[in-house]
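Heads up: the sequence lines are chains E and W, in that order.
FYI, the numbering for the first sequence is 2 to 252, going by our numbering.
FYI, the numbering for the second sequence is 8 to 117, going by our numbering.
Worth double-checking, as some hints may not be accurate.
What the hints assert, rightly or not - So the derived list for chain W, only partly shown, Cβ under 10 Å to chain E, looks like this:
#1 L19
#2 P75
#3 M107
#4 Y115
#5 L117
It should be emphasised that the hints constitute simulated quantities derived from the structure, not laboratory data.
The structure presented is a predicted model; accordingly, all values stated were derived computationally and were not measured.
C-beta: ideal position from N, C-alpha, C; glycine also.
One letter stands for each residue in the lines below.
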Amino acid sequence: MPYQARLAHVFRRRQALKRGARDALGSPMLVLLAGMLAYGSVAHQQGLDVWITSLGSVFIFALPGQIVMQEMLIAGAPLYSIVLAVFVTATRFVTMSITLIPQFHRRDRGPMLYLFVHLVAMTSWAVSMRAFPTLKRAERLPYFAGFAFTVWLVAFPGTFLGYVLAEDVPRWMGYGLALINPLFFLMSFAELRAKVSLLAVFLGFVLGPITYAWDPATSLLASGFIGGTLAYFGFEHLARWSANWREARRT
Amino acid sequence: MSTAAALLTLVLASLATYACRALGVVLSSRVSNTGAVFQWVSCVTYAMIAALTSRMIFMPSGVLANVPIWVRVTICLLALLVMVFGRANRLVLALTTGVMLVSVYAHYWL
Chain E
2 MPYQARLAHV
12 FRRRQALKRG
22 ARDALGSPML
32 VLLAGMLAYG
42 SVAHQQGLDV
52 WITSLGSVFI
62 FALPGQIVMQ
72 EMLIAGAPLY
82 SIVLAVFVTA
92 TRFVTMSITL
102 IPQFHRRDRG
112 PMLYLFVHLV
122 AMTSWAVSMR
132 AFPTLKRAER
142 LPYFAGFAFT
152 VWLVAFPGTF
162 LGYVLAEDVP
172 RWMGYGLALI
182 NPLFFLMSFA
192 ELRAKVSLLA
202 VFLGFVLGPI
212 TYAWDPATSL
222 LASGFIGGTL
232 AYFGFEHLAR
242 WSANWREARR
252 T
Chain W
8 MSTAAALLTL
18 VLASLATYAC
28 RALGVVLSSR
38 VSNTGAVFQW
48 VSCVTYAMIA
58 ALTSRMIFMP
68 SGVLANVPIW
78 VRVTICLLAL
88 LVMVFGRANR
98 LVLALTTGVM
108 LVSVYAHYWL
């Protein structure tokens, strides 16, 4: 590559990195901050250690997994079942990474990805999927890195502050912060377009409390496998059935 | 539970989460994201996240347990309405609606 072209390339990538960081500074950062604050304050109420809680936000960096770990730790569940449950809630990262990484430039898909992939989370994934089509391939990894790293930086201070300030913030504010988590996931379901995914969400939603009443430790795993499998196979049947029904009505 | 045991749990839970992310990197070159396995796994994932969300609304572990269930459900439905019918910034608007309603309820009735 000629010297000037290389310079332009480096400049474009740096611009993409900055753009990602800038995009993170708006509502994505606020949602994550509120989530971490609420998580920190709930952990305080449940009597979990402040460092375990805050470091969890840095190294797990996935609120559902952290909440599962926290609840099972409090309930005194055995270690293997906690790790398994956290692993199971994290399986969505497999699919998230699989859909994200092929969009990067071929040269960006090296060993460094194993570092960047830690930053894959609900927010960074959703925003990147929306922004990538407007970016050149070589700009996508810098954009993702800029966005996700900026958001990740909020995790520790957010959780720590939430924990420390748990008793100082007005009581009513604690309620608001606690509701953001379920609301955020609920809202992300509202953005789903694929009907089969919506069916899976509906079944999981119904099965969640039922399986929890039956056995809290395996609740998520059971709801996921039963609900997801029923949705996957049931949707095909439903589609075929409704097609047949329409055909019968026409003739 | 002792701090050492909690720390061990944290380390293993972090590794388990990272393993999923790393597995995504390994598989990203092989799995087609239109295949049957991918579809099924994604259904299972959605059902799992939905189950967790449902539990957070119907069986909350923290302060939300003090809010009556019908209030929780009504607030969630109202926020969902804002999300479905909103235009620009609807996510922020929906979250703000839910958070403000529950805060007002907690301030005056709890």
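Interface hint for L117 (chain W), Cβ within 10 Å of any Cβ on chain E: 8 Å, holds
Hint check: 10 Å Cβ-Cβ cutoff, M107 (chain W) to chain E: It holds, given that the least Cβ distance between M107 (chain W) and chain E is near 7 Å, below 10 Å.
Y115 (chain W) as chain E interface residue, shortest Cβ-Cβ below 10 Å: 9 Å, holds
Cut-off 10 Å, beta-carbon criterion: hint that P75 (chain W) touches chain E: 12 Å, violated
Interface restraint verdict for L19 (chain W) against chain E (beta-carbon cut-off 10 Å): 5 Å, holds
Figure legend: structure checked against the earlier numbered hints; the only hint not met is number 2.
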